[in-house]
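Chains as they are written, first to last, in my numbering: chain A, 291 to 428; chain F, 291 to 428; chain U, 291 to 428.
Hint data in this document are derived by calculation from the structure and do not stem from the laboratory.
Among the hints, a few may not be true.
Here are the simulated SDA-like pairs of lysine to any residue, each with C-alpha atoms no more than 20 angstroms apart in a straight line [said to hold, decoys possible]:
id, chain 1, residue 1, chain 2, residue 2
1, A, K322, U, T294
2, F, K300, U, G402
3, A, K420, F, K300
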Amino acid sequence: MVETHYLNIKTHGNTHILNITNDIANLVLSSKITSGIATIFVPGATGGLTTIEYEPGLLKDLPELMEKLIPSDKFYHHNDTWHDGNGHSHLRASLIGPSLTVPFTEKNLTFGTWQQIIFIDFDNRPRSRKLVVQLLGD
Amino acid sequence: MVETHYLNIKTHGNTHILNITNDIANLVLSSKITSGIATIFVPGATGGLTTIEYEPGLLKDLPELMEKLIPSDKFYHHNDTWHDGNGHSHLRASLIGPSLTVPFTEKNLTFGTWQQIIFIDFDNRPRSRKLVVQLLGD
Amino acid sequence: MVETHYLNIKTHGNTHILNITNDIANLVLSSKITSGIATIFVPGATGGLTTIEYEPGLLKDLPELMEKLIPSDKFYHHNDTWHDGNGHSHLRASLIGPSLTVPFTEKNLTFGTWQQIIFIDFDNRPRSRKLVVQLLGD
């Protein structure tokens, strides 16, 4: 069985980190599939998906890490192409990746207690996003 | 339903970035599966998969980022083992990851307009690669 | 068809890299599914999954790279929250990612010869881990 769902979210951009765990858990709960995998996907080249312990400290640490590894104020050739100033956003998104696959069994995502699914919007302006959540299983 | 496909590609190596979006889209179009997920996998330890806006600026920015984070001219213990000089290639591949899963629905990959699937060959020489594309769904 | 399996492992922590390739290959061999995908998932926010050539050189190079990109001795806001000193562990885990999906066909994982699946425990102490291995296919 396959079910396609969408998650509409508004972001502030600028490495805004959103906790989408409950949204995914609720989609699994209300689906007809009991056990399988949830593939979450960002249609767009300036957002990423991963997991983290969603607590105030790490919500500062992760953007600081991104700023250190891929600074927002450096020269990027991308900005020569489009002049939209978000070259760093694209590179951060490619590094973190646009896709996350999470197993579930008996309607429960197989998470750790302190682990949350996050969508990170790396773009340099507020965005409306429509994430894809594809459920596969029995 | 499960379908296994292969994608044969030749690369220049040295962080060569190839746009494989149309290849994947065509495999989905010609398959018997209407909705599901495409898992793309690199069998090999010096290649990676992610998405990017495939435009000339970012095709320079991404290799420059990799060179900054994991320089090709530094010492790596790997080169003590094999003397093949591609320690940086292995580390870049482990960081980006060998696997990408993309949902599709009604025969269409759920992409953003400016987002392409890329295979990056981090090895330090030209390579022939055979990527695996596993389609699952209904 | 869906099968849920678990892999119990003990780690030393501190970027301990474990080769779990044979465990995954054996689960596939003994399952009722012939072709499909194996999704491996870390329930926990301080571990990651990727592939690498599992040889002594890279087993030194990868921890050294992590120490360079995300040093263990720097200040992280996370440590203000919990005082457990593992802010770097969380960031490394978010960067590498908690999930890996590997296709298999005719009971064989579609690996490269020199490529192994690794679980990396980034926590700063020994841990007992229970990885999830979700098999989907025919």
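Okay, the hints, checked on the actual structure:
Straight-line distance between C-alpha atoms of A:K322 and U:T294 comes to about 18 angstroms, which keeps the hinted pair within the 20 angstroms bound. A hinted pair counts as satisfied when its Cα atoms are at most 20 angstroms apart, and F:K300 with U:G402 qualifies at roughly 16 angstroms. The straight-line distance between the Cα atoms of A:K420 and F:K300 is roughly 35 angstroms, outside the 20 angstroms bound, and the hint therefore fails.
Checked against the numbered hints listed earlier, the structure breaks hint 3 alone; every other hint is satisfied.
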